[in-house]
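Keeping their order, the protein sequence lines are chains A and B.
For what it's worth, the numbering used here labels the leading residue of the first sequence as 9, then goes sequentially.
For what it's worth, the numbering used here labels the leading residue of the second sequence as 33, then goes sequentially.
Any given hint could be a false lead.
Unchecked claim - Covered stretches of chain A, going by a simulated chain B footprint (3 or more residues, C-beta under 8 Å): (1) 195-202; (2) 237-243; (3) 453-463.
Said to hold, decoys possible - Covered by chain A, according to a simulated footprint, are these stretches of chain B (three or more residues, beta-carbon under 8 Å): (4) 92-103; (5) 120-127; (6) 161-169; (7) 365-378.
Quick caveat, the hints were computed from the structure, so don't treat them as lab data.
From the three backbone atoms N, C-alpha and C, an ideal C-beta is built for every residue, glycine too.
Below, each chain spelled out in residue letters.
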Amino acid sequence: MSAGSLPSGSQVKDPGYPTPSENYLTNSKGILSWIFTLDHKRIGVMYLVGVTLAFGVAGLLALLIRLHLFQPDGMVFQGEEANNWYNQVFTLHGAIMVFLFIIPSVPAALGNFLVPVMLGAKDVAFPRLNLCSFYLWVFGALFFVSALCASGLDTGWTFYTPYSTTTDSSVILATSGAFILGFSSIFTGLNFIVTINTMRPPGMTWFRMPLFLWATYATSIIQVLATPVLGITLLLLIAERTMHIGIFDPEYNGDPVTFQHFFWFYSHPAVYIMILPAFGIISDLISVHSHKRIFGYRFIAYSSIAIALLGFLVWGHHMFTAGMSSLTTIIFSALTFTVSVPSAIKVFNWLATMYKGSISLTTPMCYALSFIFLFTIGGLTGLHLGTLATDMHLHDTYFVVAHFHYVMVGGTLVAFLGGVFHWWPKMFGKMYSEAGGRLSAFLVFAGFNLTFLPQFILGSRGMPRRYATYDPEFAGLHQMSTYGSMLLGFGLLVALFVLLRSVGAFSRFGLACGKKAPANPWGGATLEWQCTSPPPFYNFERAPAVGDPYDFSDLEWEADEERYVTVEPKREVIPEEQPKPAPAHAEDSN
Amino acid sequence: MSTIEASPEVGHDEHGHDHDHPPFLAHHFDTPEQQFDSGKLGIWLFLVTEVLFFSGMFCAYAIFRALRPEVFEGCSQFLNTKLGAINTGVLLFSSLTMAWAVRCSQLEQHKGLVGTLAATLSCAMIFLGVKAIEYSHKFGMGLLPAGLFAYDPSNPHPDPAGHPPYLAYICAPFALALAGVLVWLVVSAVTGNKFQFAIAKPLSVVCVCFFVGVGLGTFLESGEESADHVDVHADPNGLATASVMLEAEESAAADAAPAIAASGAMIPVDESVLEILATDPTNVGVVSGLNALEQQTAAAGTSTVTGDGAILGAITTTEIDVMTPTTAGVFFSIYYCMTGIHAIHILAGIGVLVWLLVRAVRQDFNRQYFGPVDYVGLYWHLVDLIWIYLFPLLYLIR
Ligand code: HEM
Ligand SMILES: [Cu+2]
C-alpha cells in the first residue's frame, strides 16, 4: 500500500492492514476494535459468543423444566404459583431458544464467518448493516431479558391470542424484543443475498458455490420474505394490547384464528430458517470427511430453494384443530407432504455420498452422522403430524414436542456443533482434542435420544404438552427423559470444554492448548481452506484459486506435517470468460 | 454482472487500494459498478420486505372487509375524499420531483438536485399537514380504534373543550422543528457559514410546508363539513342497509355456530357420532362440545352444521348498530394502522431525504456516484405506491 493512498473520505474505517503474520484476530487490538469492527469474521465470532450465552440460559431453563417433571406432581415449583412458574419457565425456554439461539445460530454466527470466505470475497456487501444487525440482536435480547424481569411472560413462544391479549405478563416487552430480533434477521438475510449475488469473484459461478452457500442463500430468501410478516403481526398484537384494535381480540370482535394464520405464515417458514443452513453444513461435512464428491450437487442445491418456496404454503398444518374448513385442512395436509420430498432428496444424496467414500470418523463427521439419523426421525414424525387423522390425536401432545426437538435439537443444534467443530481450526487457528470431541458427539447423541424418544411414546399415549403435572402412569417415561436431559447437558459441557481448552482457556490450570491448525486440516476443497488459519483481515493474501468445491483429487494428506496439501494443480483455475492467466496456484503455506 | 474487469489479484500490499479506487468506493468492493449493483439489489430486497410488511395489514383489511362489508361501507363515509385526493396528488407530484432529483444527480446538476430534493420534502410535509387535520378531526369526533371508540351519532361534534387539543399536539413537534430551523438559518446567515445557510434555507421552506398542509386541510375540511356530514348523519340510508345486511348475516352465523361448538370439527360432524363418542366419559371435549351444540341448536332453532362457515361464524356479531365500538372500531383500527404506519414511513423518508439534501449541498454526488439518491428514490416511490393503494381501499370503495 503506497503511503497516502488511503482516501480521506473513505467509507470504511480500516482497522489497519495485516502483515502476513497477522490474522483477523490480531490485526487490531483492544475492546473498541471489536465493538466497532466491520469485519464479518469478528462479527461472526461475536454472534457465536452471543448465541452460546443465550443457549446456556435457555438450556438451564430446560433442565429446570425436566427436573420439575421428574415427579408427577412436580418437583421444583411448589405451592399455589407452581403452574404460573412452570408456564413462565417453558415460555422463556422456548422463546429464547427460538428467537435468540436457533434462528441466528447457523446463519448469523457461522454464516457471517463463512459466507465471504467461502465465496472468495473480502467482506459481506454491507459491513455496517452487518454490525447493525448484531447490535439489533443484542438489543432484542435485552428486551427479552427485561421481559423476564418485569413480569414473567407466560404465553408460550407462539404468543397466541386471545390469551396474549388478556394475560397481564409482559407481552409487549417480549414482542418488541422479537420485533427487533426480526429486523436483525432480515438484515442478515438481505446482506447475504446481495453478497452472494454481487460479490462473487471471477470464476465463482453459481454451481461452483459450496452447498453451504446455497443453503444460506435459500435461508436468506425466507428471512427476507417471511420475517416482515412476523413483524407486522407482532406490531398488531402490541396495538391490540395497547389500543384494542379489535383485529385479534374476540372481546372487540376480532378473530384470534387470524393471529394464528399470521403467526404461522412466518413461523413455519422460520423452521426452515432453522434447518436449511444445517442442511448446508451437513452437505459439506459429509463430502469432506468422506473424501468423496458430493452426490447430486444440483439436486441438493435446488432442493434447498424448493424447500424455501414450498415452506410458504404449509403453515396451516399447525392449525388443523383450530377450526379451519375441511377443504382447507386437506389442502394444507397435502402440501405438507410435498415439503418432505426435497428433504428426503437431501438425505438420500448424503447417504449416496458416503457410499464407497473413505470416511474418516472425525468429530465433525460424528456429528454429521448423528444429524442424519436424528433428522430423519424428526422429519418422518412430521409426516405423522401432517396426516389429518393422526394429528387430531397427536396435536398439542408430547409427540409434537418430541418431533420438533428431533428436528431442532437433533437437527439444527447437532449440525451447528458439527459445523463449529469443523470450522473451529479455521476460526481460531487451533486443533482440539479429537478424542474429547468424539466423546461429546457420542454423549450428545445418547443423551438426546434418551431425552426425546420417550416423549414420542408419552405423546402417543395422550400426555399433553405445557402441563406442570401429569398422571402417575407417565412417571417412568418422564424420569427417563429427565435423566437423558442431564446426559445431554453433560455432553454439551464436554463439547464446550474441548473447544475452550483448545484455545487455551484452561492453560492456567495446566491444560495445554491445542496444536496450531494448518490451513487445511480436513482436506476440504472449498475456498476457506485456502487461506491461513485463522484468515487474514481481507481473507486471502492472494486471490484464491476458484475450482470445483467438491473435487478432492488433488489434495493429499501430508503425514509429517499433519495437513492436507495440494499436489498438482489439476483444477481448472479461472474460467474461460477470464482472459488473464491464472495466478500461481495457491499452495498451502503461510 | 459487470464486475469481471477487476483484477482478481489482490496482493496484500495493495488490498484494493489501487489508484483507480476512488474515495466513494468502499474497500471491500472492486469497482464502482459492483458497489452500485449491490446497493441497488439491497434496496430492492428491502422494498420487498416493506411490501410484505404492509401485506399483513392488507390481509387484515381484506378479511374484515369480507366479514363485515357494511361496516366498511358505512365507516368509509367518514373519510374525507377531498383531503385524500389532495394528498394523493401531492405524493404523486413528489414522486415526480424525486425521479427528477435522481436525474439531476446523474447529470451533476447540483443546484437542481438541491431544489428537487427540497420540493420532494415539501410535498412530504404538506402530506403530513393534511393528515394532521384528518387525524385530529377524527380524534375529536371519537372515531378511534375499537378499544377507544367514542363516537356518539347523536352528538357527532362534541365540545372541543371536552377533549385534548389534538391538532396542537400533532403540530407541536413540527412547530419546534420550524423554530429550530429558522434560528439555524439566522445564525448561519449572521456567522456567514455558507454551507449551513445553504442547508437551512431549503429546510425552512420545507418546515413551513407542513403548516401549508394544515391550512389546506382546514380549508377543505370546513368546506366539506356540511356536504359530507349530511351524507353520514342525516341520511340514514347507509346505516339502514347496514343493519339489514347484519340481520341476514346473523342468521348465517347461527347456522355456522354449532360447527365451532363441536370444537375442532373439520369435517361436517354428524351429531349421532358425537353422541356415541360422548358415552365414553373420558372424552371430555366431545361431551362439552355436544352440550354446547345442543344449546346452540336450541337457541338457533336449526341443526344444520356447516364446517365451512366456522371462521365466519366465530366473528359475526349480533350487534345491529354499525356505530358501536365493537363493529365500527375495526374499520378505524385498520385505518389508523395502515395510514399511521404509512405516515411513519413518510417520516423516515423525510429523515433520509434531509440526509441526501445535506450531501447534495456538499456536492457529494457525481456521474459515477449517485447510488444513494437512486436508492432513496426507489424507497420514496414505494411509499407513494402504497398510498396509491390505501386511498381507494379506504376512501373510495363504498
Ligand atoms: C420434514 C418435514 C416436516 C413436517 C412434515 C412437519 C410437520 C409438522 C406438523 C404437522 C406440525 C404440527 C403438529 C401439531 O401442532 O399438531 C409440526 C410442528 C412443529 N414443527 Fe414440524 N415438520 C417438519 C419439519 C420440521 C422442521 C425441519 C422443524 C424445525 C427445524 C420443525 C419444527 C416444528 C415445530 C417447532 C413445531 C411445533 C410448533 C409449536 O406448536 O410450538 N418441523 N411439524
Ligand atoms: Cu410447520
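Hint-by-hint comparison with the structure:
Chain B is given as covering the segment 195-202 of chain A, and this holds because 4 residues of the stretch bring a CB closer than 8 Å to a CB of that chain, at least three being needed. Counting residues of the segment 237-243 of chain A whose CB falls under 8 Å from any CB of chain B gives 5; the rule of at least 3 is met. Under a criterion of three residues with beta carbons nearer than 8 Å to beta carbons of chain B, the stated coverage of the segment 453-463 of chain A fails, only 0 such residues being counted. Coverage of the segment 92-103 of chain B by chain A holds in this model, with 4 residues showing a Cβ closer than 8 Å to a Cβ of that chain against a need of three.
A stretch counts as covered by a chain when three or more of its residues have a beta carbon under 8 Å from one of that chain; for the segment 120-127 of chain B and chain A the count is 0, and the coverage is violated. Evaluation of the coverage hint for the segment 161-169 of chain B: breached, as 0 residues show C-beta separations to chain A shorter than 8 Å, against a requirement of three. For the segment 365-378 of chain B, the stated coverage by chain A holds: 5 residues have a C-beta nearer than 8 Å to a C-beta of that chain, and at least 3 were required.
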